[in-house]
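Undergrad: Given next are the chains, with one letter for each unit.
Protein chains: 2
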Amino acid sequence: MTDTASPGIPTSSVASPQPRQDIEAILHPRSIAVVGASTNPKKQGYIFVQLLKEFGFKGGIYPVNPKASEIAGLKCYSSIKEVPRPLDYIISAVPAPLVPQLMAEAQGMGVKAVHLFTGRLAEMGTDEGIRMQREAVAAAREGGMRVIGPNCMGVYNPGHGISFRLNFPKRSGPVAFLSQSGGNAIEFVYRASLRGVFFSKAISYGNASDLDESDFLEYFTSDPETRIIVCYIEGVKDGRRFLRVLSEAARAKPVIVLKGGRTKAGARAVASHTASLAGSDQIWESLIKQAGAIRAGGMEEMADMVVAFRYMEPPRGLRVGVISGGGGGTVHSADICEAAGLHLPPLPDEVRHRFKAHLPDTWYAASNPFDLSAIVSASGGELTIPLAAQFMAESDAFDVVIVDPDLEFQFESPDNQDQARALVENLIRVKQSSKKPMAMIIRPGDVPEAWRWRTTMELQRKAWEAGFPIYPTMGRAARSIYSLIRHHQDR
Amino acid sequence: MTDTASPGIPTSSVASPQPRQDIEAILHPRSIAVVGASTNPKKQGYIFVQLLKEFGFKGGIYPVNPKASEIAGLKCYSSIKEVPRPLDYIISAVPAPLVPQLMAEAQGMGVKAVHLFTGRLAEMGTDEGIRMQREAVAAAREGGMRVIGPNCMGVYNPGHGISFRLNFPKRSGPVAFLSQSGGNAIEFVYRASLRGVFFSKAISYGNASDLDESDFLEYFTSDPETRIIVCYIEGVKDGRRFLRVLSEAARAKPVIVLKGGRTKAGARAVASHTASLAGSDQIWESLIKQAGAIRAGGMEEMADMVVAFRYMEPPRGLRVGVISGGGGGTVHSADICEAAGLHLPPLPDEVRHRFKAHLPDTWYAASNPFDLSAIVSASGGELTIPLAAQFMAESDAFDVVIVDPDLEFQFESPDNQDQARALVENLIRVKQSSKKPMAMIIRPGDVPEAWRWRTTMELQRKAWEAGFPIYPTMGRAARSIYSLIRHHQDR
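Read top to bottom, the protein sequences are chains A and B.
Heads up, the first sequence is in the numbering used here, so the first residue is 242 and it goes up one at a time.
Heads up, the second sequence is in the numbering used here, so the first residue is 242 and it goes up one at a time.
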């Protein structure tokens, strides 16, 4: 299943029409060998094999382990030499000292790329680790092979049946994630997918001994499946090239960058993680700005930004209409939105009058933010809240509308679930019949009541499936929408 | 059930030994009449009655509604006059125009207080609303009654069987919440309780027509059941008195204040919400600081701060030892902690050597932040991660230890649940055998897989029941722990 509708993203691209063919081929191998495949289902050396089966990889899958005859139900080979041809791609899960032998054996087989899941190379900071990594790359190059890694999770390409994590979605989408960290890729892809963000590809590239951030960024710039690029980067080897490539990428599509190692302790962690030089934070700040990319401050903010860029048409300005629950909720929403940089104009009289005609008894609550408490108790909130949203969306006074229907308040007991469901469905209808960018707040489903959890997850999903950007709090919505608007205003 | 162990809170109080007797009596009525009780179980006029039963209120519960004979299984009275004596407390759910009659009828019955859930009075901004509210207060005073509200949810006093919300906990705790907004009280009490924060009392006081923030704050200052005070305030009528009362409160216990209406749009919302004057944000900033209270920036931050003040011994300094998952996770943790104001000293050699003795193969990962990826794959993470936490907790190099065991990473499949459970249990053991302040990160349970959600909720609960402050992200932990440390350093 592919997910391509992305309202906020230009459909034409100024980048080169053809993706980098070398990387395109690497990401679409005809067959894959997992060397160092394990018989232990808890080990990644087993899971890599299992994943190719589960994600429906169509080509040959060849586990290699001299001590096993079968792994994950597939025939196991005792050596890479015995694997059927063609062999395009190798995943190495062998320990670092066995990498030279693997590289030697793979020579002349026509292998295009080796993904070194193998770690404990240059990131160890030892002479031996650095030497082994350098030799592995040299041997690969000699045999015409490119290297991804070492010390990384490698490639997630759901459209081609490749994954490195069982809880990743099988569905593709328009976002590419380029991550120097495997752990961050694991967290980000899973968590973002719960908010309706799906991926064209995600690549964890670790020590970047051969193929590096600039190579993959060039590829994503020209990849027609990718319409938003997200990067987690700890350090680059060639800053000048990276600036050029990043600038080209940002001219073609939105590029969101999270830079790891901003602080002293962070830079120390970067050195032992991927043997990278973190570089000065000020230089990174100006590099990202100069390139026209968008900087994220952390993992959570990065996910929030992607939700905005993926699901929201860029609003034409900063004027926001807000609907939220409870008097304190409206005050809080107003404070949080203005602190984030958005503007809350007063509700125009024309909107107040439209509302008065429909709900003569409670129109006094019509303001910006719009306090839904009064209109909920007056008559069914599942009708009145969407009506308020519609009137705001149809008014020229607002560039964007954020609705917090306060579902948790509707959820005092399981009896209210149908009402909450109708409310979300009616809001979806309003959004679909309007051209105004809109977002919705649904508070997190980490609650102990099973019915509350289930309904929350169901409504979240229903909302983003219908194209609604969903946020757990007003603050996170406001900050990421502000980023989206500023990015488009700056261009 | 009462929950009184609060490590971070002084057990002796410098405040007056006796709580304000008038408010103490109001909060512990012998009987309660709900006037305007409804037969519709979805209406708050019904729910108030139901709640008194469900929360085990021991005194008389008297629904009043001339059109009903029974409400929520209790005998219903046609007028307040017919209710048995003594009648200490009235909850008014009648429409605003009926309040004068209620006040007249209640005269001379010995009623101590009337909680006006009734809204649409002064907050309407109309002459009529303001007049009706003024007259209601005058009539109450004349009859020797105090007023809570109008336009508020009233009192939550779980130890005395009084609540205004079905999903509030029946268990009491050491935190008092004073909220000018009913909606914020509803959200805060429920959400905080999921993180192990329970309440002595929560009071939603709305328009503050009679009893106001200063009265309740005086009460909480001297209330022996309250050890932390949290306030959501939109505006005060007597700023001089409030500063004095807030200063006294902050001398006795930690007081966390969220000020609603910081921005222009927020102040506008405040006026229509509780008819308050929001006041200048700068004045509030200096008032809170001068009083020695702690300012929260939003609802989420306020909850995070309460978790720190409730569950953490104040660390003696800013030096934090961090354990987190994945190389990128350690980089991110380091950046986020230092950006929050904490310091991450390098791991002392002595700790590295202790670790080397136990895990000679993977001690290279021993750093600060401590990258748990290597030690998890080396041998069972349920043993090695707690060992790393123990060594950090026992080192003089750190004032506080934050552990992100990356449970989500352990949770790739349901098969790993027992391991995740053992990991959390072992971390709890380390915390309980150490005097070092510690916190744990458990990512939110708003996930679609039922087993993952259930185990996450179970482990969150297990952790805070054992006294562990729990945060959904490293950033939220770091920022609230920083607030706790700075507050104690400033004193």
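If you're looking for bench data, these hints aren't it; they were derived computationally from the structure.
Accuracy of the hints is not assured; some may be wrong.
The list treats identical chains as one, so a pair stands whether inside a single copy or across any two.
What the hints assert, rightly or not - No farther apart than 27 Å at their CA atoms in a straight line, the calculated lysine-lysine pairs in the DSS-like style are these: (1) K597 with K316; (2) K308 with K597; (3) K316 with K676; (4) K284 with K597; (5) K283 with K478; (6) K505 with K308; (7) K505 with K284; (8) K505 with K597; (9) K597 with K530.
Remember, it's a predicted structure, so these values are computed and weren't measured experimentally.
Undergrad: Looking back at the numbered hints, which does the structure fail to meet, lowest number first?
TA: Per hint list: 1, 2, 3, 5, 6, 7, 9 violated.
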